[in-house]
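A.B. asks: Construct all of the structure, not just a fragment, from the sequences and the given hints.
These protein sequence lines are chains S and V, in that order. Under the working numbering, the first residue of the first sequence is numbered 239, with each subsequent residue one higher. Under the working numbering, the first residue of the second sequence is numbered 28, with each subsequent residue one higher.
To be clear about the criterion: a stretch of chain S counts as covered by chain V if any three or more of its residues have a C-beta under 8 Å from a C-beta of chain V, and this derived list gives those stretches:
1. 517-524
2. 529-535
Calculated lysine to aspartate or glutamate pairs in the EDC-like style (CA-CA distance at most 16 Å, straight line):
3. V:116 with S:538
4. S:546 with V:155
5. V:196 with V:260
6. V:55 with V:88
7. V:55 with V:228
8. S:461 with S:490
9. S:493 with S:469
10. S:546 with V:119
11. V:32 with V:88
12. V:125 with S:535
13. S:517 with S:491
14. S:442 with S:453
15. S:422 with S:387
16. V:116 with S:483
17. S:517 with S:537
18. V:32 with V:91
19. S:363 with S:331
20. S:546 with V:122
21. V:84 with V:96
22. V:79 with V:96
23. S:422 with S:453
24. V:116 with S:537
25. V:116 with S:521
26. V:239 with V:250
27. V:102 with S:535
28. S:297 with S:282
29. S:436 with S:491
30. V:125 with V:155
31. V:116 with S:485
32. S:365 with S:303
33. V:125 with S:538
34. S:546 with S:485
With the Cβ distance kept under 7 Å, some of the chain S side facing chain V (calculated, not the full set):
35. 543
36. 544
37. 546
I should point out that these hints are in silico values taken from the structure, not numbers from a laboratory. The C-beta atom is built at its ideal place from N, Cα and C for all residues, glycine as well.
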Amino acid sequence: MFKLDEIQRRLIAEVAGLHKVPIGAYNFRANSQLAGRNSTANIEISSKDDGSGIDIRIKDGTKNESVHIPVVLSASGIKETVYNDFYIGENCDVVIVAGCGIDNCGNQDSEHDGIHRFFVGKNSKIKYVEKHYGSGDGAGQRILNPVTEVSLNDDSFMEMEMVQIKGVDSTKRVTTAELKAGAKIIVRERLMTHGAQKAFSTYKITLDGENSGADVVSRGVAKEKSYQKLDLCVIGNAPCNGHTECDSIIMDEGKILAVPSLEANHVDAVLFHEAAIGKIAGDQLIKLMTLGLTAQEAEEQIISGFLK
Amino acid sequence: MLELKDIFFSVEGVEIIRGINLTVENNKFVVITGPNGGGKSTLARLIMGIEKPTSGKIILDGQDITNADITERAKLGIGFAFQQPVRFKGIEVFDLLKMAAGGKLTFNKACDYLSAVGLCAQDYINREVNSSLSGGEVKRIEIATILARKTKLSIFDEPEAGIDLWSFKHLIQIFEDMRQNIINSSIIIISHQERILSIADEIIVLADGQIKNRGAAEKILPEIIDTESVIQECEKLKR
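C.D. replies: This is the structure in structure tokens:
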């Protein structure tokens, strides 16, 4: 891959699953610099005039295409805020892979705050994958504060896979979505925190249109002395269906605050929420040990399954 | 071959198992029955290493495994099917079978194990082993994990508990097949079901933490048929 060193390549593989230049549209950003870009006939990526980020414009009817926009930071002390706007036409079916990896071996904090806005056209279908990962053993913190704003037009559909598995010291994730008639959103968030990490994740999904729907599920594992706050809210302003769920495994001295919430402003809004926090069940460990796994291997399997 | 020598087990001063001596030879299908609270499940858990005896010795193929933990016993070839199978969020049926098989498993092989317990692999292999599965389904998957392990000694703790009658008929068939195909291994089943008791090489009646009666099925079954140790098959389902 062009203009990327070994650490940056490893980070790209972690956050975007890429081992070579992808087919389709892409924009690679490394240490605040453009490291590679490709637009296609249907997907145009351009820098914003003020240099604050990129615009991704997807033409009506674009199907079975993908956009990769990974970001990597491998130098200590970088702090950046990037605005990326996605303008998705009507009747599209597209996969968008974002994600940020930070390797910080230095003593200064490294921080990437990505603000992604999605304007999804009528009847379009989007799968959005966002992975965050940190590595490096420096005293400097690895900080990621993603903001995602989604606007779903009539009968559109968005599936969001939001994953933070390892190495991010501090994150404040804020996701909002507004849905028009017939639009649907599915969110699957996976969070694992360890050490002294802190993760705050907030979702506010507003169902404005008739027959709109949301299913927001966050699964988290808080290990060691880490802390997670999950604040998942669904608001129903029309005849709609909404479900929100926080499901967490607590370990060691971890702390978790789960706040699923609902607001109904229409008599035909059908909303429900659930939340569960618990440690790994002893019977689960014993069962896997009876299959020949050690206690530690059993624990790893249970966590990786839970966060799959 | 499994040998239990003078096994005692107590919890907070209460004796649950009181001096059990038992040998289970290779190629034997042994059913342990007896009243509830008699110590059957505890005995099974002692053999698997989930509980440790207060005193006594457990020998597997001549090796003293009394102090071996669950993982070591599993690696020595003991398998255990829980009375209430454990469920996992996110772990799929194929993942569980793969772990049972020691880490490597082909789709075709997984299909064989699932077919053997009457489940179509296509429908189940990617299902999560979570609360979306019925009691009968999760019980059959539990048995499939034992098949995938190719154990020397398999212990089934009340396989009939908590399943519907329809699934139970299939379950009996699975154990009848196991009985037919037993090679260089042995099976211990804790059960009250007459159909399972009737295919045993040996029946052991456990009550108050002690072996009260034991012997060939044709001798023991008539002696216990009208006690709580035996639940007879539903007359209507026999038709």
